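So the protein sequences, as listed, match chains A and L.
Positions 3 to 521 (the numbering used here) are the ones given, in order, by the first sequence.
Positions 249 to 552 (the numbering used here) are the ones given, in order, by the second sequence.
In short, the hints are calculated from the structure, not lab data.
Only a predicted model underlies this, so the values are computations on that prediction, with no experimental measurement involved.
C-beta: ideal position from N, C-alpha, C; glycine also.
One thing to keep in mind: the hints can contain errors.
What the hints assert, rightly or not - Under the rule of at most 25 Å between Cα atoms (straight-line distance), these lysine-lysine pairs were calculated in the BS3-like manner: (1) 469/A - 257/L; (2) 123/A - 55/A; (3) 133/A - 302/L; (4) 482/L - 470/L; (5) 324/A - 439/A; (6) 133/A - 473/L; (7) 133/A - 399/L; (8) 51/A - 482/L; (9) 181/A - 397/L; (10) 324/A - 302/L; (11) 257/L - 390/A; (12) 403/L - 474/L; (13) 51/A - 397/L; (14) 403/L - 133/A; (15) 392/A - 257/L; (16) 257/L - 475/A; (17) 55/A - 470/L; (18) 397/L - 133/A.
Said to hold, decoys possible - Listed next, the stretches of chain L that the computed footprint assigns to chain A, with coverage defined by at least 3 CB atoms under 8 Å from CB atoms of chain A: (19) 255-262; (20) 482-495.
Chain residues, written in single-letter form:
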Amino acid sequence: MFLELLPFYNKYLEPASAYEITNVVQNFPFISILLSLFIGIVCLAVRPKTAMKLVFFNLGACFLLGLSTLIYCIGRGDYFIYVMGQFPAPFGNEIRVGVLEALMATAFALVMFLSLMGGLKHIFHDVLPEKQTYYFLMMEFLFTSLIALIYTNDLFTAYVFVEINTLTACAIVMLKHSKETLVATARYLMMSLLGSGLIMIGISILYDISGHLLMEDIKVAVTALAKTGKYKLPLEVVICLFAIGLGIKSALYPFHSWLPDAHGTSTSGSSAVLSGLVLKAYIILLIKMIYRVFGMEVILNSRVLNILFVLGVLAMTIGSIKAINSRDLKRMIAYSSVAQIGYIYLGIGLGPAGMAAACLQILVHAYTKPMLFNTAGAFMDEANGSRKFKDLVGAARKNMWAGIGFAVGAFSMIGIPLFAGFVVKYNLATAALTTTKLKAIVALVALVISTVLNAVYYIPALMVLFKKTDDTKDIVLFGSKTDVPFVVSNGIFIICNFILGILSFIFIDIIIMGLSMFA
Amino acid sequence: MINVVESLKNFVNGTQLIESKNETEIKDSTVVKKHHETSFTERVTALIEKGESKAARSAYTVVAVIMAIIIIGCLIYTVSFLPHFGGADNPANSSEVVRAYIENGIHDTGATNFVAGMILNYRAFDTLGESSVLFIAATAVIILLFRHKTKEEEKAESVEEEFYEDKHDVILRHGALILVPVTLMFGLYVLFNGHLSPGGGFSGGTIMGAALILYNLAFGDKSTKKFFNYNINKVVKIIALGFYALSQAYAFYVGANHLPSIISNGVAGTILSSGLILPLNVCVGFEVACTMFGFYSLFDREEI
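Same shape as in the complex, but just chain A (with noise of 0.2 Å):
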């Protein structure tokens, strides 16, 4: 392994409980929520430029948080369990904090801030002046609830977090002020509320048969429940109902109608942090309650991973159709995530074998398409806040950085090699090879159509975008305007997704240690 070769791994080695305090590290998980949380309330006060400073302040905070997190991780070889309180779970709230958490919790972080900042000019310019502190508002509490959503160790904190989590998500969507947003908002709405009352009505009827809402808990009694055979029929309602419950909320294939109208009109910042994060946040969730709720060996006897795997393979199909035929730059890029999810769910599908590259893939493009978004906000600049391909013929000539930037993003989303999006397909196929003749059959041959897809619509894009044309016969570096903080994020951006498709075998080793502590 990678990382037995770094200077810090053998220093924690001292034993000691999960639940025992032996480092100030331990703390840092539970300040990034209170923190966020906390800064949310107080933005609420304060004008709209300083609501931003905080947010931004925060996001910076919570990753250096979340990074020393990881590290002390790593080192410590071992998850540990933070009590919320003076009483431990079961009876009261607790988190629980692995590599593999923490290692999602700083990405986000980091994401977050790259996104808000490379779409600030376009927040400050959609949302309404007198409205713009409740949008840095929503985005907090948004935040707040992604991390407490990764580090959740208690079903009925997550349901909490998860309401939390919709009601920000459709606010920030309803922050752009026009009518096509007020119309996807709703449906957005209305999705989400039926996967939140589907993840409800699972709980429900699990605290039933299993009489616990902390995971560990639940695990020991559905093994049991398994092993008798008690409750069978509940217990596969059950794990259908989280199965499609999340998988609404996630844009998985069939439940994805809502997602082109909410990530195509948002203002662009928002796109990008919705895409990235919130639909990862869910499958997140859905990969912790495989392992740590129902346990891998009840989930494989159920079959249910194979019908997520035929939705995956219909959501990369079918996305990249619904892509080719758009017309319009940002609902093509958000038709792409429905293919890009698709990948995920193949990963998951895959089984044990295939749940690294899941991981990867949750990663890889929470890079990517945020990146993607803040450029398409970008060309709208240069072609008066129009997405229709027509109007933005030539645009990345106007703004060379943005088009080396799409540029990037639509590479590693076809898979060229040394981008990011390559690693992920090679990891998805040799851990197809893993598996059974047909599911390795399929999913190769889903993942070549898949990738010929990807390439018939990313490189019209690119092509008609570098088009020259008479008003575009000098090529301008940074646009008409500068926009310092989009050129930074997007340089950023850039780097994260070569170090993502270079280094990966560092991010696959930290993925698998955290997947090993999951059981």
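Place chain L on chain A using the hints.
Using the frame of chain A, we list chain L on its own:
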């Protein structure tokens, strides 16, 4: 062969993206025909071009209803497999958590109301999340409905209001004069006795919110605004939820690190007991009252 190469080249260059049909133009140019007037080929082209047809639409409705009925049936069928309601051997009733709450509740939390002890001490983190949900919901409604009015608009509306106001509704005013103080007192009682008797922040806050709404209905906007306007609503909410978050942060930090806490549980059954539960109940109560009145006021006239 050359044609194929040419069209491929065009495709890669993205010609189809630029020279696409303009969707709004299509809508303007076509005359809307009734279903029986269109030929079959027209329907098929409509299906291909716009992705919809009337037949597909009605079929969709029928399929959706059938699917919903099937899912409802499945869920009801599942319920018949669940343990019987209230059975002593049910997994949910026989778990050690329930027993521990009842046996150690008073000792651990100092609250004679177990529910208050459970939601504000044992599982205070969840309740913090729930209070945030209320806060966010109220803010989302403000985003959707709140209008910053110009001075002219405000003037016009106040004139309008004076015209329509029921100044002579004596029964309502006298009734409210008696009911509002009593309701407010009852709300505060429920709030401050949340750790001793049934009730607490959520129920007490709702009662207080109802009293505010009644006052507003009887005495109009102007007199309500003297003591409760947008800024006061904002300040109360920030202080309530902010205090909640900070005090819980302290309690979590102390609890997790096994440090001695300055908060004592006191003598169970007295009014000043059970540590943080009393102030938290008050916080939640004011938060809920503001939210209730805010919802009413925003839906009524788009302001607080």
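When you check the alpha-carbon spacing of residue 133/A and residue 473/L, does it fall within 25 Å?
22 Å, holds
Restraint check for residue 55/A with residue 470/L, where alpha carbons must lie at most 25 Å apart
37 Å, violated
Given the hinted pair residue 51/A and residue 397/L, is their alpha-carbon gap at most 25 Å?
22 Å, holds
What's the verdict on residue 324/A and residue 439/A, does the C-alpha distance respect the 25 Å limit or exceed it?
Judged against 25 Å, a Cα distance of about 29 Å means the pair is violated.
Does residue 257/L sit within 25 Å of residue 469/A, going by the straight-line distance between their CA atoms?
14 Å, holds
Can you tell me if the stretch 482-495 of chain L counts as covered by chain A, using C-beta to C-beta distances under 8 Å and a minimum of three residues?
holds (count 8)
Against the 25 Å threshold, does the CA-CA distance of residue 257/L and residue 475/A hold or violate the hint?
This hinted pair holds, its Cα atoms lying about 23 Å apart.
For the pair supplied as a hint, residue 403/L and residue 474/L, confirm whether the alpha-carbon distance does not exceed 25 Å.
This hinted pair holds, its Cα atoms lying about 17 Å apart.
Hint consistency between residue 123/A and residue 55/A [alpha-carbon to alpha-carbon, up to 25 Å]:
Within the cut-off at roughly 14 Å; holds.
Sort out whether residue 470/L lies within 25 Å of residue 482/L, counting only the CA atoms.
Measuring from Cα to Cα gives roughly 18 Å; hence the hint holds.
Restraint status (C-alpha distance of residue 133/A to residue 302/L at most 25 Å)
Violated, at about 41 Å.
Measure nothing beyond the straight line between the CA atoms of residue 403/L and residue 133/A; if it is 25 Å or shorter, mark the hint as holding.
23 Å, holds
Consistency with the previously given hints fails for numbers 3, 5, 17, ordered from lowest to highest.
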